[in-house]
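Undergrad: For reference, the chains in residue letters:
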Amino acid sequence: MNRTLRLLALASVATLAVLAPASAASAADASGCTLTVASTSADGAALDKASAPGDGGTESNPFQVDLGGKVAYVGKTDAVITNGTYTVTALGVTLKTDTVANADKKQTAKGEVDLSTVQSLKPLLAGGVKIPVTGTLTGTGGTCTVSGYITGVGSATSSPVFYAGLAAAAIGLALALWTLFGTKAAAVAATTAGGVS
Amino acid sequence: MKARRHPVRGFLAGLFLGIGAALLLFVFGVLPFTLAMLGIVTAVGIVVGVVLAYVAPVRPAEPST
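Residue numbers (the numbering used here), protein chains in the order written: chain A, 1 to 197; chain B, 1 to 65.
One chain only, chain B, in its complex shape (with noise of 0.2 Å):
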């Protein structure tokens, strides 16, 4: 059965999260507020945003008319 998966939405969805989760880590401490720390978070958030639309599981599909 072939997947019709979205790449492209996991990486906007990895990239929000990143950059969502670098900005809290920052504001409460967990990791100090620099460029590279967000860069480094961003990159991650993307591979697994990227990740999970390649893992995610199938649901069937509507039957077209």
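Isolated chain A (complex conformation) (with noise of 0.2 Å):
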């Protein structure tokens, strides 16, 4: 019993030296530039406003989107970049990516995102779901990389990730108690015993 103490403490120990301090880490960052959003709903209601650097976009506090709404935003380049290549991307997949002339040599840029129009992350953000979002921008003259963490809007239980978790577990869970109620004694033949009668 000790030993199993032992073994689940050592578990324990472990699991918390990992995640803590990844779930200590990082507010809304961005070089090279800055970066105004605000978001509406699909009914056109204001849901959420964030800066980088700045107030909003963090792990604790992420920017709020409806993937049926829209998201405004006001950018500024520290330089000015020319025939640049933008690209928006989180959790390793690619939403958007363009190129961006800039003939006119502006520093500054506003303009309004149909959110309509970037459907991938849909399954996924809902409930309390943070996922990490980098935006980047290069070209002739330099380079601007915005990085922060958005969130959905609706329940937890009204996202298909809700339930493959549970599933998952439940799946686990069964196994886990399949593991623990099927250790058993090596099984000796009643032969080799000299019978059983």
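Every clue listed holds true.
Quick list of simulated restraints, FRET-style, between CB atoms: (1) A:ASN83 x B:PRO7: 54 to 60 Å; (2) A:SER155 x B:ALA3: 43 to 49 Å; (3) A:ALA42 x B:ARG4: 53 to 59 Å.
Simulated from the structure, these hints should not be mistaken for laboratory data.
We put the CB at the ideal spot given by N, CA and C, even for glycine.
Relying on the hints, combine the two individually framed chains into one complex.
TA: Spelled out as structure tokens, the structure:
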């Protein structure tokens, strides 16, 4: 029993050691530029605001978006960037990429993105899910990188991820119980022991 | 007394429990949804599952005929 407790304690400490530094991570960040965003819901109501660098869009306070709504943005680069390419990625998946000629050599840009065109995250963005997102603009004159966290709208139970998690945990629990109660002493053949009447 | 243990079964239990726990932690916002976090939580689950297989109490065998 002591051995069991020791091993479980060791596993718990290892779990905390692995998770603690990662969960303490980071805030919305920007290098080479600044970005301010404001989201609206599908019915046009204001949802959330964030600035990088600045408030919002952090792991503890992620920027809330509705994939049926829009995001208005105002960005300013530290240097003039021409003939550039911008890419927005989340979970290693490119959500949007395009080229920016910037022939007028402007350092500011503003506009609105209709999120109904970005549906690849739809199954994931519900409940309290926090997804790290990175946007990069690279071209002649410099590079601008903005990173932060986004979250969705709706309850956790509206997400297929919730049901996938429940199903996996139920299968794991059943297997764990099978492991626990299936550990038996090696059977001894009755004939080798002189027989059982 | 020699015990018949099931590390592969423990591995699979930990794998599924780890993935399930990770997805539930993501959806309730406890952990950020990243592939690294999914891997870490799943790996911890696998370790716990295999450890469970090796420390599970031994039950008496059913006598064979």
